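S.K.: Each chain is listed here by its residues.
There are 4 protein chains.
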Amino acid sequence: MNSSRRVILVTGFEPFAGHVVNPSAEVAKALDGRVVGSAVVRSAVLPVHHAEAIPAVIRLVEESDPLAIVHLGLAGGRARIALERVAVNVMDFETPDNAGHLAQGESCVTGGPAAYLATLPLDAMLAALLAEGVPAYVSNTAGTYLCNLTMYGTLDWLAARNHPARAGFVHLPLSPPMVAASGLDQPSMDVGLMVRGVEIALSVVARTTFPPKEVRP
Amino acid sequence: MNSSRRVILVTGFEPFAGHVVNPSAEVAKALDGRVVGSAVVRSAVLPVHHAEAIPAVIRLVEESDPLAIVHLGLAGGRARIALERVAVNVMDFETPDNAGHLAQGESCVTGGPAAYLATLPLDAMLAALLAEGVPAYVSNTAGTYLCNLTMYGTLDWLAARNHPARAGFVHLPLSPPMVAASGLDQPSMDVGLMVRGVEIALSVVARTTFPPKEVRP
Amino acid sequence: MNSSRRVILVTGFEPFAGHVVNPSAEVAKALDGRVVGSAVVRSAVLPVHHAEAIPAVIRLVEESDPLAIVHLGLAGGRARIALERVAVNVMDFETPDNAGHLAQGESCVTGGPAAYLATLPLDAMLAALLAEGVPAYVSNTAGTYLCNLTMYGTLDWLAARNHPARAGFVHLPLSPPMVAASGLDQPSMDVGLMVRGVEIALSVVARTTFPPKEVRP
Amino acid sequence: MNSSRRVILVTGFEPFAGHVVNPSAEVAKALDGRVVGSAVVRSAVLPVHHAEAIPAVIRLVEESDPLAIVHLGLAGGRARIALERVAVNVMDFETPDNAGHLAQGESCVTGGPAAYLATLPLDAMLAALLAEGVPAYVSNTAGTYLCNLTMYGTLDWLAARNHPARAGFVHLPLSPPMVAASGLDQPSMDVGLMVRGVEIALSVVARTTFPPKEVRP
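Protein chains in written order, with the numbering used here: chain G, 1 to 217; chain R, 1001 to 1217; chain P, 2001 to 2217; chain W, 3001 to 3217.
The hints are simulated quantities; they were obtained by calculation from the structure and are not laboratory data.
Remember, predicted model here, so these are calculated numbers, not experimental data.
Glycine included, C-beta positions come from ideal geometry on N, C-alpha and C.
Careful: at least some of the hints might be erroneous.
Ranges of calculated distance between the beta carbons of each label pair, as one might list FRET restraints [unchecked claim]:
id: 1; chain 1: P; residue 1: Gly2192; chain 2: R; residue 2: His1101; range: 36 to 44 Å
id: 2; chain 1: W; residue 1: Ser3182; chain 2: P; residue 2: Leu2102; range: 37 to 45 Å
id: 3; chain 1: R; residue 1: Ala1131; chain 2: G; residue 2: Pro55; range: 39 to 47 Å
id: 4; chain 1: G; residue 1: Pro55; chain 2: R; residue 2: Arg1207; range: 51 to 59 Å
id: 5; chain 1: W; residue 1: Ala3160; chain 2: G; residue 2: Gly100; range: 40 to 48 Å
Derived pair list, reagent style SDA-like, types lysine to any residue, alpha-carbon separation capped at 25 Å [unchecked claim]:
id: 6; chain 1: W; residue 1: Lys3029; chain 2: P; residue 2: Phe2210
id: 7; chain 1: P; residue 1: Lys2029; chain 2: W; residue 2: Glu3132
id: 8; chain 1: P; residue 1: Lys2029; chain 2: W; residue 2: Gly3133
id: 9; chain 1: G; residue 1: Lys29; chain 2: R; residue 2: Glu1132
id: 10; chain 1: R; residue 1: Lys1029; chain 2: G; residue 2: Lys29
id: 11; chain 1: P; residue 1: Lys2029; chain 2: W; residue 2: Lys3029
id: 12; chain 1: G; residue 1: Lys29; chain 2: R; residue 2: Asp1123
id: 13; chain 1: R; residue 1: Lys1029; chain 2: G; residue 2: Gly192
id: 14; chain 1: G; residue 1: Lys29; chain 2: R; residue 2: Asp1190
id: 15; chain 1: W; residue 1: Lys3029; chain 2: P; residue 2: Gly2192
id: 16; chain 1: W; residue 1: Lys3029; chain 2: P; residue 2: Glu2132
id: 17; chain 1: P; residue 1: Lys2029; chain 2: W; residue 2: Asp3190
id: 18; chain 1: G; residue 1: Lys29; chain 2: R; residue 2: Gly1133
Can you build the whole structure from these sequences, using the hints too?
M.R.: Structural data, given as structure tokens:
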């Protein structure tokens, strides 16, 4: 029964920095309710707001008690789906967030560790994506903007609670219409291919993540 | 009736340089028989062979008497559909063609002019592609490999005969599976989007190209 | 004696598009008067002006009766010295010239041929540069801005007069201070290395270019 | 007197991966003995060896008791001097080190924290470099090869001892002869400019780093 399925929480971001869309939100919404292996996707769209993104994640985690958390975000200029390896305790924005805040060398969490490594099975996710013909790689930087903040904040919150959920971040390229509108020489990826790629990645997460032993009477 | 439709000849290339597929051939085949405006597409796949590519084009032109000729080819490393502005009278290969020939500074046509400009409506094609959200641009170099040779050879043959067909070349990015297989950080484009893009471009060609006045009794 | 030396005319461009310097002018000035093989460099700085650049070149050619003409220009974004193979009969500006003109698909010379190929010994110049450790390549597009216009206009003027001078264009990268000031992720090249590179290229031109037979009493 | 000057330890790396030189070693050697502010540079060249690089650093630190440690390394493909912000506890090599070891997802230090942030004054170093016209930026990834390992290992060793030395890593571009020899389209930087840039960065380190209070009789 679906009601017994564990949740994989998938988040995207609202548009920012003058963009009118954000493929990460489109992909997250497209996957809402989708069954992957023994899990079901619950998706949501986060604000591009330095003070509100993490609280929004925490509410979602408390509501859905997910097996795993996969944040999605946009990385203009990247050509492939990027499985992020690490989130660093730094906010250093090149453009203000949607609250108008331009962080300059601040910490994500005051006194927090320098970084957290993703707890998702990155190598297996990468292998599955490449086997299915989806361009992807393991990235060593999630930047120092909202994407990195969200990955850091989620992993920090989970670590503080010894919470068993795995978590990480996946960066997506610009969509073709965004590049067409920009007039710039930048790579893009079809949103349909992004949806397929993220679903492949989630399937690996579902297959390799075993829920904590549950006591059943 | 279809029999009265004028043809737009579309060509792709066979795989080369170790690739096992060539998206330009996939796109050409996908469009074969498609009706665009008052024209119909006839497509074919050309050999990546310095001595056979142009004769193959000439046979196709003589058979189909096209209104316009749109050659397609692969340009690894490019992120957008490239409408080529110019073909130069130079063959300078970085990799041998499928005949094993590595041209080094040869002419495409001995004694031919330095270059030909495409006779397709590039600006209108570009505007239509961007309006439909397809990443594209007008490129100033078709390279010095088979793509440039084919564009040059076609335009030279048409010019020598004062043939009214318009002609030009469109470069396509790598497909996602090609990038996934390569492990390289290179842009790609979904083949479905390429097909849609080329069809949009052909529609502009069909709409703006009027057949030579026909004498009707 | 110096007075009997034949001239190689080297030109750079004034700054444009908001830049406060232009490395092509710095390099041209640095080489003025330098003896390369049996020739001597005479250099000048051209206006970034669609209507004045070519007349300025013609005056310089008429004054100095050069053996060869090597135009230098700036190509932001390029990492290596670019020996241009071809100039096309197109002006299509992305940014206005210093006269405020934004050419859109105009010809350089109305009714002129589609393109001219450089008449400099590009392959030998490239080999000499690489042998000396200077990053360089043969480029297939000089763009559609003032650089291409100047190369086209010079070659067209020479061709119309059956003038024996060889001519071509060399694009230079941004200088390090320009990149530092821009804050952008762009390649640069030390101006000293550019000067050395252009001098190497000019030496090849001097060595391989024989003056028209001179009548000696 | 020099004998009372505190040391800034600067390291480069030996050549690797088929390169015959390594600009980081050239720059380190060029700066050996140079006085920057109240400090003097002591430089050394490290082995590209996963098991020997860190022990070599430790010996150098124990010998020279430095005020600060600035490791230099080569980052092919980068166009600007990169001030590294973070070292992660991951070794994931794309090419074997000089011992033939190809680490795949190993830790730098088993059980160590996910990452360390550089303790150098990166923002002030960057500002000084840009003010002097040297292309530079703060980088968010030092990769997962020997450079990252060395930065991580040094910071881990210092942290374990509560050692007051500041430490960090600076990545340098390829040199022009390396790019010329490769035939690839890659950015480069003159070694002389690298030397000047690193000296500027070291001056900021010297100026902003105060030695632990010394007891004087």
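S.K.: All hints are to be evaluated individually against the structure, with a verdict given for each.
M.R.: Hint check results:
{"no.": "1", "hint": "Gly2192(P) - His1101(R): 36 to 44 Å", "verdict": "41 Å, holds"}
{"no.": "2", "hint": "Ser3182(W) - Leu2102(P): 37 to 45 Å", "verdict": "38 Å, holds"}
{"no.": "3", "hint": "Ala1131(R) - Pro55(G): 39 to 47 Å", "verdict": "41 Å, holds"}
{"no.": "4", "hint": "Pro55(G) - Arg1207(R): 51 to 59 Å", "verdict": "54 Å, holds"}
{"no.": "5", "hint": "Ala3160(W) - Gly100(G): 40 to 48 Å", "verdict": "42 Å, holds"}
{"no.": "6", "hint": "Lys3029(W) - Phe2210(P)", "verdict": "46 Å, violated"}
{"no.": "7", "hint": "Lys2029(P) - Glu3132(W)", "verdict": "23 Å, holds"}
{"no.": "8", "hint": "Lys2029(P) - Gly3133(W)", "verdict": "21 Å, holds"}
{"no.": "9", "hint": "Lys29(G) - Glu1132(R)", "verdict": "23 Å, holds"}
{"no.": "10", "hint": "Lys1029(R) - Lys29(G)", "verdict": "34 Å, violated"}
{"no.": "11", "hint": "Lys2029(P) - Lys3029(W)", "verdict": "34 Å, violated"}
{"no.": "12", "hint": "Lys29(G) - Asp1123(R)", "verdict": "36 Å, violated"}
{"no.": "13", "hint": "Lys1029(R) - Gly192(G)", "verdict": "22 Å, holds"}
{"no.": "14", "hint": "Lys29(G) - Asp1190(R)", "verdict": "21 Å, holds"}
{"no.": "15", "hint": "Lys3029(W) - Gly2192(P)", "verdict": "22 Å, holds"}
{"no.": "16", "hint": "Lys3029(W) - Glu2132(P)", "verdict": "23 Å, holds"}
{"no.": "17", "hint": "Lys2029(P) - Asp3190(W)", "verdict": "21 Å, holds"}
{"no.": "18", "hint": "Lys29(G) - Gly1133(R)", "verdict": "21 Å, holds"}
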